[in-house]
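Spelled out from the first residue to the last, the chains are:
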Amino acid sequence: MNNFFKLLIALVFLTIGQSAQAVLEIEITQGIEGALPIAVVPFAGDTYGAPEAVETIVRNDLGRSGFFDVLDKQSIPQLVSSPSQLNFQVWRNTGVESVLLGKITQTSGDQYRIEFQLIDLIRKKRILGNVIPASTKDVRKVGHKISDLVFEALTGIRGAFSTRVAYVSTINKGTANQKYVLQIADADGYNARTIFSSSKQILSPSWSPDGSRLAYVSFESGNSAIYIQDIIQGTRAKVSAKKGINSAPSWSPDGRHLALTLSAGGSPDIYILNIAAKKLKRLTSGPSIDTEPAWMPDGRTLLFTSDRSGGPQIYQVSVNGGKAQRLTFDGKYNAATDVSPDGKYITFVNNSGNGFRIAIMDTQSKAMRIISDGHLDESPSFAPNGSMIMYATADQGRGVLAAVSADGRVKQKLRLTEGDVREPSWSPFR
Amino acid sequence: MTKQLLIVFIISFFLSISACSTSTKQMPGDVISDDYEGGDPSLDGATTGLEGEGDLAMGALDEMIATSGNVVYFDFNSAEIRDESIPLIMAAAESLVANPAAQLRLEGHADERGTREYNLALGEQRAQTVRDLIMLQGVSGNQLDIISYGEEKPAVVGSGEESWQQNRRVELIK
Numbered sequence: 001m002n003n004f005f006k007l008l009i010a011l012v013f014l015t016i017g018q019s020a021q022a023v024l025e026i027e028i029t030q031g032i033e034g035a036l037p038i039a040v041v042p043f044a045g046d047t048y049g050a051p052e053a054v055e056t057i058v059r060n061d062l063g064r065s066g067f068f069d070v071l072d073k074q075s076i077p078q079l080v081s082s083p084s085q086l087n088f089q090v091w092r093n094t095g096v097e098s099v100l101l102g103k104i105t106q107t108s109g110d111q112y113r114i115e116f117q118l119i120d121l122i123r124k125k126r127i128l129g130n131v132i133p134a135s136t137k138d139v140r141k142v143g144h145k146i147s148d149l150v151f152e153a154l155t156g157i158r159g160a161f162s163t164r165v166a167y168v169s170t171i172n173k174g175t176a177n178q179k180y181v182l183q184i185a186d187a188d189g190y191n192a193r194t195i196f197s198s199s200k201q202i203l204s205p206s207w208s209p210d211g212s213r214l215a216y217v218s219f220e221s222g223n224s225a226i227y228i229q230d231i232i233q234g235t236r237a238k239v240s241a242k243k244g245i246n247s248a249p250s251w252s253p254d255g256r257h258l259a260l261t262l263s264a265g266g267s268p269d270i271y272i273l274n275i276a277a278k279k280l281k282r283l284t285s286g287p288s289i290d291t292e293p294a295w296m297p298d299g300r301t302l303l304f305t306s307d308r309s310g311g312p313q314i315y316q317v318s319v320n321g322g323k324a325q326r327l328t329f330d331g332k333y334n335a336a337t338d339v340s341p342d343g344k345y346i347t348f349v350n351n352s353g354n355g356f357r358i359a360i361m362d363t364q365s366k367a368m369r370i371i372s373d374g375h376l377d378e379s380p381s382f383a384p385n386g387s388m389i390m391y392a393t394a395d396q397g398r399g400v401l402a403a404v405s406a407d408g409r410v411k412q413k414l415r416l417t418e419g420d421v422r423e424p425s426w427s428p429f430r
Numbered sequence: 001m002t003k004q005l006l007i008v009f010i011i012s013f014f015l016s017i018s019a020c021s022t023s024t025k026q027m028p029g030d031v032i033s034d035d036y037e038g039g040d041p042s043l044d045g046a047t048t049g050l051e052g053e054g055d056l057a058m059g060a061l062d063e064m065i066a067t068s069g070n071v072v073y074f075d076f077n078s079a080e081i082r083d084e085s086i087p088l089i090m091a092a093a094e095s096l097v098a099n100p101a102a103q104l105r106l107e108g109h110a111d112e113r114g115t116r117e118y119n120l121a122l123g124e125q126r127a128q129t130v131r132d133l134i135m136l137q138g139v140s141g142n143q144l145d146i147i148s149y150g151e152e153k154p155a156v157v158g159s160g161e162e163s164w165q166q167n168r169r170v171e172l173i174k
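Taken in order, these protein sequences are the chains called A and B.
Using the working numbering, you'd call the opening residue of the first sequence number 1 and step up by one each time.
Using the working numbering, you'd call the opening residue of the second sequence number 1 and step up by one each time.
If we strip away everything but chain B, and leave its shape as in the complex, we get:
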């Protein structure tokens, strides 16, 4: 746990220096891009939700979501943030700092493997890891809301790593 936090610290420090260049460079060539961009109806749904009425403009985050979606993905039974997700999380943090009245909801999920209650806890842990990294950038905890659905709300139905990897996630919802 502490090791994980330390890694988050190091990564966030590194990114606070190089966030801009990384965020534009890293996404298109990313290993997950083929599966995740446009191919997942639930992501489309979430993106539509983001453009709802009355929302504050969240420039950096809006831009990031438009190009690469609003989802942070995880390894099995892990709440550690992968490098590929850092740009999205940084964009969220940047937007929340710029708009102190803005709110962001972090929905944590797990794949169907393992027990339901443990997965509920794991989903929350994933959302917390994302929240902690956003808060490290100076965002107030009041701007962030967390909920876990465990394995109960899969983005993709089906068994196999193809589905599972899309279900181990935290969705960033404005």
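Looking at chain A on its own, in the form it has when it is part of the complex:
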């Protein structure tokens, strides 16, 4: 029982303005042995960015990653901001092995200096020290940046806290004003902004590898069509509007191609579109449903969902075509795969009889593990560092985003205050 104790931390951020539109809940669903014990001490002089605190942002980022066991704020033995003030004896009792200290000073008007240091309490030495100049509107950016640096210093893995997520939300659902919006938010659900809005359905956002564009499906012209939108300029272009289904765009690692699903040939098949040349290459054929293509990081292989064996399963095929090879065999429903950035794992929707849940599979050993516990979980998307998976789940009848550490240990829900949210797609690194 101790191994499966449940710790629920509800962190409610009641702030003013746009960044207040989210409630983040972190639920640690299994024991946290193995996670690195760390303390984040409130930064001295931290009225900067109030009511948000840099320290709180960092604490949440590290805690939800699954890599850290963050000491409760109340258990912090010393509220200090410089390593010289540390009483190592006092800290020893907390079991914490590293501590983040910081200090914020106002340099002029709205300009601040955010200093921070990461101290190894065992070896009694500094692991990391840095200064970030920033204005108050950048408080969350600063917090995520510090989290990225701490994460990388202690795990050796690049932090992904400064990344974003794209998703589709239905607003005013079931009313005359029902609207579909394509939004981009910080990876923790904050700072949501709408980049496209329509009275017709929007589906399947996919990031370009440089994070500057999104491909997605819109029904605005009546039938499904694929668009590419530059998220900075706001310009958009229709890239596929054939008879039948135009869907499931997935950007190639080199940014020059889109894998997509078209049914103009009779049944849904996988094609590769050369974006600049506007040339299509067909990869699959036959009467079965072939859809949801995803690229392997080498750009030479595509994974996709096919019902050629009866129910939906994941297959892989060379970008040059040829015979597809089946990858999944556990469960009667495996679909909508996404590949980890190193290509070692794939995540997908699995149904083995207990509902639709998120699974992760080692591409070499083919060992599969279920890492979510909902009934209608879908659209899994890897973080660009492979450490976490974002997916859509139902929460009291409403669509919300959830994230789970790749080991399945830490789960969290991102509750956006408005809309029925689905189809998250985690951005690449900036």
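Among these hints, one or two may not hold up.
Calculated lysine to aspartate or glutamate pairs in the DMTMM-like style (CA-CA distance at most 20 Å, straight line) [to be verified]:
#, chain 1, residue 1, chain 2, residue 2
1, A, Lys125, A, Glu115
2, A, Lys124, A, Glu97
3, A, Lys243, B, Asp132
4, A, Lys332, B, Glu80
5, A, Lys242, B, Asp145
To be clear, the hints were calculated from the coordinates, so they are not data collected in a lab.
On the provided structure of chain A, position chain B as indicated by the hints.
Frame of chain A, contents of chain B only:
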């Protein structure tokens, strides 16, 4: 897939012999009738749409829709036509053959379970199965238009088989 087509062939052959008697007998006692007749506002909406201005009269289909709605329902993750839907599809075919200028739009849908893109494909497959059976009766493909909305346009909002079974459907829209 081929098995499915074969079944469609067999069923349609059988029905070409007995379509008339079946179509009047089978509907009222059907297992789905309680849930589907009059209880679903979106079906009412669709029926209203059918009586729009300037439409060609489609006697057999109009009659069928008036008594039992314009929707073909499916099992989970299946595009196979159930026996209970055959009379509606045959009535549609009969009307389209009689009115070569008439058009019919087949809107395929899926329930919320499973992935969105797969469901988009499944909705199309359902609409295609209905189209194929109509065309087998001698209807020109030009008279039929297909669109899939996957799970994006549920007839009934809510989770559970009660809702799901009403969302796995193809709507026949004049």
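Here is what the structure says about each hint:
no., hint, verdict
1, Lys125/A / Glu115/A, "17 Å, holds"
2, Lys124/A / Glu97/A, "10 Å, holds"
3, Lys243/A / Asp132/B, "17 Å, holds"
4, Lys332/A / Glu80/B, "18 Å, holds"
5, Lys242/A / Asp145/B, "14 Å, holds"
Of the numbered hints stated above, none is contradicted by the structure.
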